[in-house]
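Here the protein sequences come in this chain order: D and F. The first sequence begins at 892 in my numbering and counts up by one. The second sequence begins at 892 in my numbering and counts up by one.
Derived from the structure by calculation, the hints contain no laboratory data. Remember, predicted model here, so these are calculated numbers, not experimental data. Heads up, a few of these hints could be off.
One side only, chain D facing chain F, incomplete, derived with CB under 8 Å [stated by the list, open to error]:
| id | residue |
| --- | --- |
| 1 | Q1075 |
| 2 | I1114 |
| 3 | L1118 |
| 4 | R1135 |
| 5 | F1147 |
All C-beta atoms, glycine included, are put in the ideal place defined by N, C-alpha and C.
The primary structure of each chain is shown beneath.
Number of protein chains: 2
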Amino acid sequence: MNTSKQIVTPKEFLFAVEEDDKLPLDCGRTLRNVTLKYETYGQLDKDKRNAILILHALSGDAHVCGYHSPSDDKPGWWNEMVGPGKPIDTNKYFVICSNVIGGCSGSTGPRSINPETGKPYNLDFPVLTIADMVRAQQRLIEYLEIPELLAVVGGSMGGMQALQWSISYPEMVHSVAAIATTAQLSPQSIAFDWIGRSAIQYDHEFVNGNYDDEFPPEHGLSIARMLAHVTYLSDESMAKKFGRGLQNSNSYTYKFDRDFAVESYLRYQGQRFVERFDANSYLYITKAMDYFDLSALGNGSLTQAFAGARANYLVVSFTSDWLFTTKQSEEIVRALLNNSLEVSFCEIESSYGHDAFLLEIETLGRIVSDFLRNQLMEWRKDECK
Amino acid sequence: MNTSKQIVTPKEFLFAVEEDDKLPLDCGRTLRNVTLKYETYGQLDKDKRNAILILHALSGDAHVCGYHSPSDDKPGWWNEMVGPGKPIDTNKYFVICSNVIGGCSGSTGPRSINPETGKPYNLDFPVLTIADMVRAQQRLIEYLEIPELLAVVGGSMGGMQALQWSISYPEMVHSVAAIATTAQLSPQSIAFDWIGRSAIQYDHEFVNGNYDDEFPPEHGLSIARMLAHVTYLSDESMAKKFGRGLQNSNSYTYKFDRDFAVESYLRYQGQRFVERFDANSYLYITKAMDYFDLSALGNGSLTQAFAGARANYLVVSFTSDWLFTTKQSEEIVRALLNNSLEVSFCEIESSYGHDAFLLEIETLGRIVSDFLRNQLMEWRKDECK
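Please put together the full structure from these sequences, using the hints given.
So, in structure tokens, the structure goes:
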């Protein structure tokens, strides 16, 4: 047993319990009895200026780093990035990682019990937006009595939430690190999400979302995951990793099972995913991403959308990311600069595609760590003036 | 009724009828009673030097141009490119368009009757290669008593067949126009094909390929088609065509049906496709494309693969084609030049993605037309010497 492991205990925040305290949603409906799963690391300073909120991507969860027990051998999803002595140093910062509502990792989502009916919501669960996810997280930060976060940090869908935070709650966000993200999905990304959701909805076991826990729509969900997975890689990284290598032999099988290593890899990824992710949640979360469009908040102008924002920003993209491209990051940067906001922008050279935000930790870590240190230093300096 | 319509009658060529005449295949098996659907346009000159073989892409067929009857209002798939006075001028050239075996457009394929059992082959049909398709076409050209084709022309999978023709039957191919094609699929393309095939094979109605004609695996096939369709477009063309436009209203539906125009478009494309294409054929043809790897014919060297070729080549790529990229075309060009073969290479500026070979007819037509005229002129000049 490795005693040097950083052990963390997941927490749950239950809110919107009272009738007059329900969580309002963009669709016009409300949610009651909302649970948000979260984890915290490190200590909040007396001045409460060292709190960092980390937000996760589509299939992530509140477990950003460390282990859940001494025997746990699977660390959190950004363990190289966050922890004692890591780029987001939990010896220095109080780190909160919050799950999203709509998911399947401990927070209220479509498979939760609807308090009105006593049965799972399934497709009766309201269709959420990224702003709804952030609205729930704001309740958590309020509950933790943190008036202003040093930084809100996220990659991919986490970056969308981080940007949304700075617009929804400008007074609570000192800075934002938005990594491998976008202010709106391209039609190509919407198309891929649509195909993935269609595969789930077409699955014979889907039963309009009312599937049995024992018989989830595994095939549809694995199709959706395999497709999404290809968009997380790059043509270059796939060429390096698999090429046209064959799985089991030096010759073609002349059958319809797997021939190529890349086919085997994808099938494995699809199969693993269905063990840990819920099909209904997949529908809800991808739909929230498709709906996300910051420029709509500014009546079509992204610049206008950030008019009320006051945070300092770090925007990071990766050269081979074709899901959320450098061009999309640059649009964010332009809108921020148009509002005379402080922005650092960095495009990191990488062949890993969208997944680079999880893999290029050496470069990304240095950039994020510097950004956070400067934010904290300047903020405390301002205070002394 | 428009009497100026060019009317064409599809033809069928039945071969490999005798036991000792069976069509050998790369997988080691053979095919008997093979039908190849084809169409011809124009007249073969006395010197038999004006014959052009056109080969189609995945979902194409033998009907390259013209109409099947005076009341027919749907012309062939390359009608702007081929016909009287068109870039591939049927007043001048004798044009043959041959279907592929393995498909579902009139030639022998997985839904054909297996002469050994009297029942449809379905997944007992042998897994084919592009070289097998070409092997069948060679029988057709032999039957038509054409000793050498002026040109073999094809886009996408048709380009693969054209390249293969020049390697399999060098003495029968005077020139090749290989458009928007590749000498081998990238792992990313193999991945997309795998996901599409998986969607078909996972479909409840698939029944291991033994589906009823009345109940084909429509859902799986439409998923495969929608996915493939995205790879035929470009991010840019999708942005131009759809953007983030909504389908029916100015606001989100907060439901899981179509919100975005691109979703509606894709669903429509998927639905139309299942009406005209067979799921088993989709498996066979995509597998043939995945298996296609000319460099394997040269023991890993594409240059070596073309060592026996003697044709003149035109290679055309399109800037926004991310399925079969300019880089992949350049690899072909390099291999041809290494063999001191005559090559013209052209990258056409286009935002249409892979579909550009069907859409950029003005530019492509001029290039192909010039190439063919030069080939014919030089060939006849050689003869006069």
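Hint-by-hint comparison with the structure:
1. Q1075: Check passed: Cβ of Q1075 (chain D) comes within 6 Å of chain F, closer than 8 Å.
2. I1114: This hint holds: I1114 (chain D) lies near chain F, its Cβ roughly 5 Å from the closest one there, short of 8 Å.
3. L1118: 5 Å, holds
4. R1135: At 6 Å from the nearest chain F Cβ, R1135 (chain D) passes the 8 Å test, so the hint holds.
5. F1147: Holds. Min distance 6 Å.
Hint check: no violations occur; every hint is consistent with the structure.
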